[in-house]
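Chemist: Chain by chain, the residues:
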Amino acid sequence: MYKYDDYDQQLVDERIEQFRDQVNRRLSGELSEEEFRPLRLMNGVYLQLHAYMLRVAIPYGTMNSAQMRQFAYIARNYDKGYGHFTTRQNIQFNWPKLVDLPDILTELSKVQMHAIQTSGNCIRNTTTDQYAGASFDELEDPRPWCEIIRQWSTMHPEFTYLPRKFKMAVTGAPNDRAAVAIHDIGLRIRRDEQGELGFEVMVGGGLGRTPMIGKTICEFLPKEDLLSYLEAILRVYNQFGRRDNKYKARIKILVHEIGAEKFAELVEKEWEEIRDSALHLPAEEIEEISAHFTPPPFDVLPALSSSFSEKVGQDEKFAYWVQNNVREHKQQGYAIVNISLKPIGGIPGDISHAQMDVVADLADQFSFGEIRSTHEQNLVLAHVKRDDLYAVWLKLDEYGLATPNSGLITDLIACPGLDYCALANSRSIPLAQRISERFGELDRQHEIGKVQVKISGCINACTHHHVGHIGILGVDKKGQEFYQITLGGRADENAKIGKIVGAGLSTDEVVDAVETLINTYLGLRESKEETFLDAFNRVGETPFKEALYGAR
Amino acid sequence: MTKQVITANRLDDGLAVFFDTHANWSASITEAAVVEKGEEADTLLATASNADNQLIVVGPYLIDVDQQGGKITPVRYREQIRTLGPSVRPDLGYQAK
Ligand code: HEM
Ligand code: SF4
Chain W
1 MYKYDDYDQQ LVDERIEQFR DQVNRRLSGE LSEEEFRPLR LMNGVYLQLH AYMLRVAIPY
61 GTMNSAQMRQ FAYIARNYDK GYGHFTTRQN IQFNWPKLVD LPDILTELSK VQMHAIQTSG
121 NCIRNTTTDQ YAGASFDELE DPRPWCEIIR QWSTMHPEFT YLPRKFKMAV TGAPNDRAAV
181 AIHDIGLRIR RDEQGELGFE VMVGGGLGRT PMIGKTICEF LPKEDLLSYL EAILRVYNQF
241 GRRDNKYKAR IKILVHEIGA EKFAELVEKE WEEIRDSALH LPAEEIEEIS AHFTPPPFDV
301 LPALSSSFSE KVGQDEKFAY WVQNNVREHK QQGYAIVNIS LKPIGGIPGD ISHAQMDVVA
361 DLADQFSFGE IRSTHEQNLV LAHVKRDDLY AVWLKLDEYG LATPNSGLIT DLIACPGLDY
421 CALANSRSIP LAQRISERFG ELDRQHEIGK VQVKISGCIN ACTHHHVGHI GILGVDKKGQ
481 EFYQITLGGR ADENAKIGKI VGAGLSTDEV VDAVETLINT YLGLRESKEE TFLDAFNRVG
541 ETPFKEALYG AR
Chain G
1 MTKQVITANR LDDGLAVFFD THANWSASIT EAAVVEKGEE ADTLLATASN ADNQLIVVGP
61 YLIDVDQQGG KITPVRYREQ IRTLGPSVRP DLGYQAK
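In order, the protein sequence lines correspond to chains W and G.
Just so we're aligned, residue 1 is where the first sequence starts under this note's numbering, counting upward by one.
Just so we're aligned, residue 1 is where the second sequence starts under this note's numbering, counting upward by one.
Bound-form chain W, shown alone:
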């Protein structure tokens, strides 16, 4: 993992003291709320319905056990005993007091964490594949690149006041688990004909009011040119992005309005000027950063573990969990463990301080002290010996962290919605809970197979509902909570925006509607292997629409 150098630490510590001073000046009246608000937002402090909210950045979703324990400590001592993992791989605390926030940030800085650039019109935390460095389909670990981007973009003087927020994602594997196509910039590591590794660069993805899939403006960018090319994109955006209208300010609108080709031309022109500047990345520098992400000291293990096979044979519950939540690892004898934060009927992404501590302990004991957060609001232990899986499972199960539903219908993604969020139209969490309960029975989930349900409480689309296989958007209809369903979206390497199927549904109708959709799928699929999404793509929306609304 990357470790702060003295410069990083000093920078973070100075920011906290600055913020402490700003909080004091707000409390004493020296700063008005108008003056203070942008300052607190720059430090990740929002004001929500019930309280302040602190968003802490987890760079590219990788954290160590000490950091996780510190989250537990903060949850216990400054919050109400829990935290919430988000689709941007970050963590949010829902109840911090403003007067405590400088101290909370100090606690975070002790474990090299902060909340800088988790809000505002700047470059946000770069997200990536939660299986980075562990998955067998990966061409290269994307995290050194995320770190290079982090260092370049942190407090970048030119890009602190962009027209709007800016989000990037990187995948190192052809199977895109980082949803790169719906980010302002999506980077996909790939090989050229000579076998060299570089980046495919996509721009202008994003959801919200105007959902768009990113467009490739460079098929293959040599690695050493990454920063100069990104800088060129940001410069073009900074210059031409619309500042007159908040809803048209994201880069997706610019790319859409002038066209990807024209946009690419502008970038090329800008790039030519700076390509050989200080932004050019020498191989030594790339290596230096990569050294922080070398594979952990794996043991040499046999391909088969007899103790593991034995346990799978003996314990059906364990076997189910292995089948659903454990993935292949590139290192023989190891496995990737998905920790579900989606207990049946629970709150997606929420985790108690006790659970955080347990995950930290398990990471220390069994996974080189490292933990990942996922954009599906779950956690991952990336490097667990197959021999240790049973022990890990026992502990997870004891703490309610072993729900065997990774990728299944109850692995729902939901935003805080109207239960917490000041921008919400409708609640998301209760709907997620009801769907989870409706489909909670394990055999039924298995029968249904892989399907992603994503629920946003308003059009900001924080859960990426547009690209959920089943997307649900909360709307306000004359003061009532209503839900609009989209179908057929996907966030993977074949990303696509889902289609709205029809009129909004009431709170009472919407869970039944999801069940109707699922039953329709079960009735028309050609085999068990045909997933919901495959079936939808084969037959189109009509059968689903008819099932929901009748043949009108």
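Source of the hints: derived by calculation from the structure; they are not laboratory data.
Where hints are given, some of them may not hold.
Taking lysine-lysine and the DSBU-like style, the derived pairs with C-alpha atoms no more than 30 Å apart in a straight line are [to be verified]:
#	chain 1	residue 1	chain 2	residue 2
1	G	Lys71	W	Lys80
2	G	Lys71	W	Lys477
3	G	Lys3	W	Lys477
Predicted model only: the values in this text are computed from it and were never measured.
Given chain W, work out where chain G with the ligands should sit, using these hints.
Modeler: Quick look at chain G with the ligands alone, frame taken from chain W:
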């Protein structure tokens, strides 16, 4: 005849609060000063937003309420949630007490 009360979030801890009949901020909507929408409400909002109050709360605004007997209930569901706490965590927020 629309009834209104003034709500805001308290500056130091962010909790939802309501402007009461003694021109203080209360954690309970039952103590809120209920006023008639229009001039009366606007006058009270001006007081609730003055410099002194800016040191106590953030962003005072008017909300519509129903008043029945001694009970004051916000009309919008969003505001009802603010008077109670997250609907999914009955153990948290004002409803927990
Ligand atoms: C609770 C306080 C939150 C506030 C005030 C908030 C606000 C917003 C706003 C205004 C946007 C739209 C930006 C735009 O299109 O220009 C947005 C987008 C987004 N938010 Fe949030 N959000 C919150 C919580 C969350 C949470 C909990 C998550 C993760 C579960 C999240 C993840 C995202 C993502 C991924 C997007 C980008 C969607 C896109 O591509 O357009 N946010 N948020
Ligand atoms: S989608 Fe809307 S309701 Fe949900 S967290 Fe984002 S801004 Fe809030």
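Chemist: Take the hints in turn and mark each one as holding or not.
Modeler: Here's how the hints hold up against the structure:
For the hint pairing G:Lys71 with W:Lys80, the CA-to-CA distance comes to about 29 Å; that is within 30 Å, so the pair holds. Between G:Lys71 and W:Lys477, the direct Cα distance comes to roughly 26 Å. Compliance with the 30 Å bound is thereby established for this hinted pair. For the hint linking G:Lys3 to W:Lys477, the alpha-carbon distance of about 22 Å falls within 30 Å, and the restraint holds.
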